[in-house]
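Number of protein chains: 2
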Amino acid sequence: MKTKLGVKNCLYPLPTTLVGTMMNGKPAFNTIAHVGIMDFISVSLGMNKIHHTNAGIKGSGSFSINIPREDMVKITDYCGLVSGRDVDKGALFEIFYGELGNAPMIKDCPINMECKLIKTVEFPKHDVFMGEIVQAYCDEECLTDGVVDFAKVRPILFAMNDKGYWKLGERFAKAWKIGKELKTGT
Amino acid sequence: MKTKLGVKNCLYPLPTTLVGTMMNGKPAFNTIAHVGIMDFISVSLGMNKIHHTNAGIKGSGSFSINIPREDMVKITDYCGLVSGRDVDKGALFEIFYGELGNAPMIKDCPINMECKLIKTVEFPKHDVFMGEIVQAYCDEECLTDGVVDFAKVRPILFAMNDKGYWKLGERFAKAWKIGKELKTGT
Numbered sequence: 041m042k043t044k045l046g047v048k049n050c051l052y053p054l055p056t057t058l059v060g061t062m063m064n065g066k067p068a069f070n071t072i073a074h075v076g077i078m079d080f081i082s083v084s085l086g087m088n089k090i091h092h093t094n095a096g097i098k099g100s101g102s103f104s105i106n107i108p109r110e111d112m113v114k115i116t117d118y119c120g121l122v123s124g125r126d127v128d129k130g131a132l133f134e135i136f137y138g139e140l141g142n143a144p145m146i147k148d149c150p151i152n153m154e155c156k157l158i159k160t161v162e163f164p165k166h167d168v169f170m171g172e173i174v175q176a177y178c179d180e181e182c183l184t185d186g187v188v189d190f191a192k193v194r195p196i197l198f199a200m201n202d203k204g205y206w207k208l209g210e211r212f213a214k215a216w217k218i219g220k221e222l223k224t225g226t
Numbered sequence: 041m042k043t044k045l046g047v048k049n050c051l052y053p054l055p056t057t058l059v060g061t062m063m064n065g066k067p068a069f070n071t072i073a074h075v076g077i078m079d080f081i082s083v084s085l086g087m088n089k090i091h092h093t094n095a096g097i098k099g100s101g102s103f104s105i106n107i108p109r110e111d112m113v114k115i116t117d118y119c120g121l122v123s124g125r126d127v128d129k130g131a132l133f134e135i136f137y138g139e140l141g142n143a144p145m146i147k148d149c150p151i152n153m154e155c156k157l158i159k160t161v162e163f164p165k166h167d168v169f170m171g172e173i174v175q176a177y178c179d180e181e182c183l184t185d186g187v188v189d190f191a192k193v194r195p196i197l198f199a200m201n202d203k204g205y206w207k208l209g210e211r212f213a214k215a216w217k218i219g220k221e222l223k224t225g226t
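As you go down the protein sequences, you meet chains A and B in turn.
What the first sequence shows, in the numbering used here, is residues 41 to 226, in sequence order.
What the second sequence shows, in the numbering used here, is residues 41 to 226, in sequence order.
Accuracy of the hints is not assured; some may be wrong.
No distinction is drawn between identical chains; accordingly, a pair holds when it is met within one copy or between any pair of copies.
Said to hold, decoys possible - Keeping only pairs whose Cα atoms sit at most 30 Å apart, straight-line, the calculated BS3-like set for lysine-lysine is: (1) LYS114 to LYS89; (2) LYS192 to LYS207; (3) LYS165 to LYS98; (4) LYS98 to LYS66; (5) LYS66 to LYS114; (6) LYS220 to LYS156; (7) LYS42 to LYS89; (8) LYS192 to LYS156; (9) LYS156 to LYS217; (10) LYS192 to LYS220; (11) LYS220 to LYS159.
Think of the hints as simulated: they come from the structure by calculation, not from any bench.
In this text the structure is predicted, and so the values were computed from the model without any measurement.
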């Protein structure tokens, strides 16, 4: 039996990220889980216009996406609770810079991507920033045979519905493979 | 130690969805995991232009997002392996329609959202369709106290890096709460 939920977004869980940018020459961060993939090399951030960091992304034309580990859940949530207007969140992390030079990345996060802003789509209360990935970084110990292994990354998945942070479970099937069993004549 | 991965999208895992639309008056489906959230009521689909269903979304101005359960992984993967040009994927599922009337939804998927196309952003090889949710549906048995419970939904999470389908793990913290412990003076 289906229950109608109304106009309710249920496209969860999504990976919780720490988005970095430069504000007045200093690194700033914010917690964003309303993310998306546009194409193989492009990503999106749906960021409420109230966020301090939106101006940094618009001004610098660059941002970073940092994927925190499960055990960073407290600091990750904290970065979504306090504004950069009040707290210097850049001071909370050890930071490195990559090829863009103005996309601050968090060393302690197992995955980092530096992105060039390519398009901004306006929504009533949100800026949707679309960025092209310039370089991605992964902690060596989170790779298996040179490929990112999310069982080692231990991302924090977010669902708005229950305001929950969820762990990633086990890998249980291969894409473009498990379904082949249903193909007739193969 | 950070390893450079090059221009590699690592914004995973994302929920695997079955996207529905009408093609020449018949329901059609495709497997899409390059999804995103724009704002509270809007979502995006990053769909390669080679897909048969893109024309259906453009033509009808509507689509559905259906979230399959873990145990639907075989049929979900199959829908990404075969084209609607060759296989009538609408015939694979029991379908229902909602308020839009032209966004076919899959009864067996625990979550369904019918969406009105509001914007299309062109990427070199992809159409990014942005839709506003008109109505969301959830199987009664996947709710806990009226809220979507992803532990009951059992979504299929996808990572391109390892072409893996992953299970959702356990909920381990509350958003806008666990980080409060780091707030000074509270």
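Against the structure, the hints come out as follows:
no., hint, result
1, LYS114 to LYS89, "within (24 Å within a copy, 41 Å between copies)"
2, LYS192 to LYS207, "both (12 Å within a copy, 15 Å between copies)"
3, LYS165 to LYS98, "both (16 Å within a copy, 26 Å between copies)"
4, LYS98 to LYS66, "within (15 Å within a copy, 43 Å between copies)"
5, LYS66 to LYS114, "within (23 Å within a copy, 48 Å between copies)"
6, LYS220 to LYS156, "neither (38 Å within a copy, 32 Å between copies)"
7, LYS42 to LYS89, "neither (34 Å within a copy, 33 Å between copies)"
8, LYS192 to LYS156, "within (27 Å within a copy, 38 Å between copies)"
9, LYS156 to LYS217, "neither (34 Å within a copy, 32 Å between copies)"
10, LYS192 to LYS220, "both (28 Å within a copy, 27 Å between copies)"
11, LYS220 to LYS159, "neither (37 Å within a copy, 34 Å between copies)"
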